[in-house]
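> Here are the chains, one letter per residue:
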Amino acid sequence: MTEPVLQARGLTKRYGHVVAMDDCHFDLHPGEILAVIGDNGAGKSTLIKALTGAVIPDSGSISVNGVQVQFRSPLDARRAGIETVYQELGVAPALDITQNLYLGREQRRKGLLGTVFRKLDKPGMRHGSARQMADLGIRVQSIRQKVETLSGGQRQAVAVARVAAWATSVVIMDEPTAALGVRETNQVLGLIERVRENGLPVVLISHNMPNVFQVADRIHIHRLGRRIALVEPGRTTMEEVVAVMTGAKTPESLQLDGGPA
Amino acid sequence: MTSAPPRDVDAVLLEQEEDRGGPVRTLLGSQIAGPLAALVLAIVIFALTTSTFLNADNLSLIATQSVVVGTLALGQTLIILTAGIDLSNGAIMVLAAVVIGKLATDGNPLLALAAGTAVCLVLGGLNGVLISRFSLPPFIVTLGMLSVLSAVARLYTDSQSYPIDSDLLTVLNRGPTIGGVTITYGVFLWIVLTAVLGYALTQTAWGTHVYAVGDNRAAAALTGIKVKRVLLSVYLTAAVVYAFAAWQALGRTPTADPSGYSTANLDSITAVVIGGTSLFGGRGGVVGTFIGALIVTVLANGLTQAGIDSLYQQVATGVLVVVAVAVDHFVRTRQTR
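Sequences listed follow chains A and B, in order. With the first letter of the first sequence counted as 1, position 63 gets the number 126 in the numbering used here; the numbers rise by one all the way through. With the first letter of the second sequence counted as 1, position 203 gets the number 816 in the numbering used here; the numbers rise by one all the way through.
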């Protein structure tokens, strides 16, 4: 078996008497789309926050490409090559596509113009964003377009392109299609598959079962603060997955896959 | 998003460049097109209806009359771009001016100027810390600051004015005479400040971050931008601009008057809004504000030349502000649907 890109063992997090993570395991393999599903309050977001450095677990370990890490802040996770697309559209609408792709990571001109006058390398960044958009097959009129002139799906595509451009090991997407219509959702799902084809594994947090079954290679089912099952969409049904997720069925009734649950 | 065969990135970019058209189309599509058209229209109307408006001396006077509020408005623009507002900028400027005036009466004018700049930095920094570190609303923080500083300026001076006779402190109201028309150094300073801030806003990462923080603060924070640091830097930069405004004010009327410029804060907001900067942040710029400040002065000057009661100047300015805000609202709601 290949080494997981992102792995967690025995993560625990308590808030007073509430156990948000209870001896939770997590595995993401190279080149896969792993869906993470769970009912509201199952503790998905605590797990994702632990993996992105926004929450520091009480105990347990996380490793990236086999190297153990300790994230103290989201910046640590970003330095380890983990980038996240958030549910709320994480773009600045009054800025153009290029500015959004490079936001917080702007490139300066070479030489005195860059070092003394801090001048941005606009042509270089435009070139880079045109290439990134082309690599992901995102079509827009111009990369000089302000993001507010784009449709909701295109805006989320810009957010995904941004994250895929900077992530070096993992892309995490937290409900990326929650605010979108059917057609736009399909555009974003296609984009997620292209990110995988370009070599980055994706963690997809979603409530939408058809979406999950459409794109995921494996499904991590989260319940009561831990992973209770890890299944392949081809070997189970949506009804069974939902039943396990809500506690109507035990995970033993499912075809399990890979590693301890 | 239509499917088409993938093309070379350079070819796509080149095509997009050609798509943009010439400089005229770029200007028409830019944010300053509206304010610029309004300014030109006002100048044309006053030139046709009055005989005294369009002569070099009057135009020079308009520029000179614009510099104090126009300079304050440059700092105000930075703050409004972050979705903030500064009601205390006039009061900060006046306090700095009286500090400079009082210290210069029996001291070194250069040191007095430095002390005035320090006053601006401390007060602007205090605004910035309260707004960035403690997340207090800019409107309330600067309203409180306005109230406190107006009183402090009078307490500090015993409500007296200080005459200014130092060459250094009044230099901005002098300037070279070109073809019989004097253009003051203050006007040049205003233009240079506009250019420098315009460069910083459009050509540096800092500028992009200022727009991003005003446009979508949460998204800016998620990309790793240090939002609080950007906010503080904006209030400090604006404070430096206010110090220049204080220097401009000492030249315009060579007295440091603790009760002067009592509406300069609102006048600066007027110039910013007429110049096309959105009060909701993230949109606009200093060149628009420069034009906005000129529009306000041109209206006042032109209506005076036309012999119209000065109260109508206030009516005209007020109408323009509402029109500018309405245009901004229309632009934002149309584009975000």
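A few of these clues could be false.
Said to hold, decoys possible - When the alpha-carbon atoms are kept at most 25 Å apart in a straight line, the in silico DMTMM-like pairs for lysine to aspartate or glutamate are as follows: (1) B:Lys-841 <-> A:Asp-159; (2) B:Lys-839 <-> A:Asp-86; (3) A:Lys-185 <-> A:Glu-169; (4) B:Lys-839 <-> A:Asp-159; (5) B:Lys-839 <-> A:Asp-184; (6) B:Lys-841 <-> A:Glu-151; (7) A:Lys-312 <-> A:Glu-151; (8) A:Lys-312 <-> A:Asp-139; (9) A:Lys-185 <-> A:Asp-159; (10) B:Lys-841 <-> A:Glu-169; (11) B:Lys-839 <-> A:Asp-139; (12) B:Lys-839 <-> A:Glu-151; (13) B:Lys-841 <-> A:Asp-86; (14) A:Lys-209 <-> A:Asp-184; (15) A:Lys-209 <-> B:Asp-941; (16) A:Lys-209 <-> A:Asp-139.
To be clear, the hints were calculated from the coordinates, so they are not data collected in a lab.
> Is B:Lys-839 close enough to A:Asp-184, meaning Cα to Cα at most 25 Å?
21 Å, holds
> Keeping to a limit of 25 Å between CA atoms, is the pair of B:Lys-841 and A:Glu-169 held or broken?
19 Å, holds
> Below or equal to 25 Å on CA atoms is what counts here, so check A:Lys-209 against A:Asp-184.
Status holds; Cα separation ~18 Å.
> Do the alpha carbons of B:Lys-841 and A:Glu-151 lie within 25 Å of each other, as the hint requires?
Holds, at roughly 21 Å.
> When you check the alpha-carbon spacing of A:Lys-209 and A:Asp-139, does it fall within 25 Å?
30 Å, violated
> Taking only the CA atoms, is the gap from B:Lys-839 to A:Asp-86 under or equal to 25 Å?
34 Å, violated
> Between A:Lys-312 and A:Asp-139, does the CA-CA distance stay at or below 25 Å?
38 Å, violated
> B:Lys-839 and A:Glu-151: Cα distance at most 25 Å?
With a Cα-Cα distance of about 20 Å, the restraint between B:Lys-839 and A:Glu-151 holds, given a limit of 25 Å.
> With a cut-off of 25 Å on the C-alpha distance, tell me whether B:Lys-839 and A:Asp-139 pass.
15 Å, holds
> For a C-alpha distance cap of 25 Å, please report whether B:Lys-841 and A:Asp-159 respect it.
23 Å, holds
> Within a Cα-Cα threshold of 25 Å, do A:Lys-185 and A:Asp-159 meet the stated pairing?
12 Å, holds
> Would the hint linking A:Lys-312 and A:Glu-151 be met if the CA-CA limit is 25 Å?
Since the Cα atoms of A:Lys-312 and A:Glu-151 sit roughly 33 Å apart, the hinted pair is violated (cutoff 25 Å).
In summary, the structure is inconsistent with hints 2, 7, 8, 13, 16 from the numbered list given earlier, while agreeing with the others.
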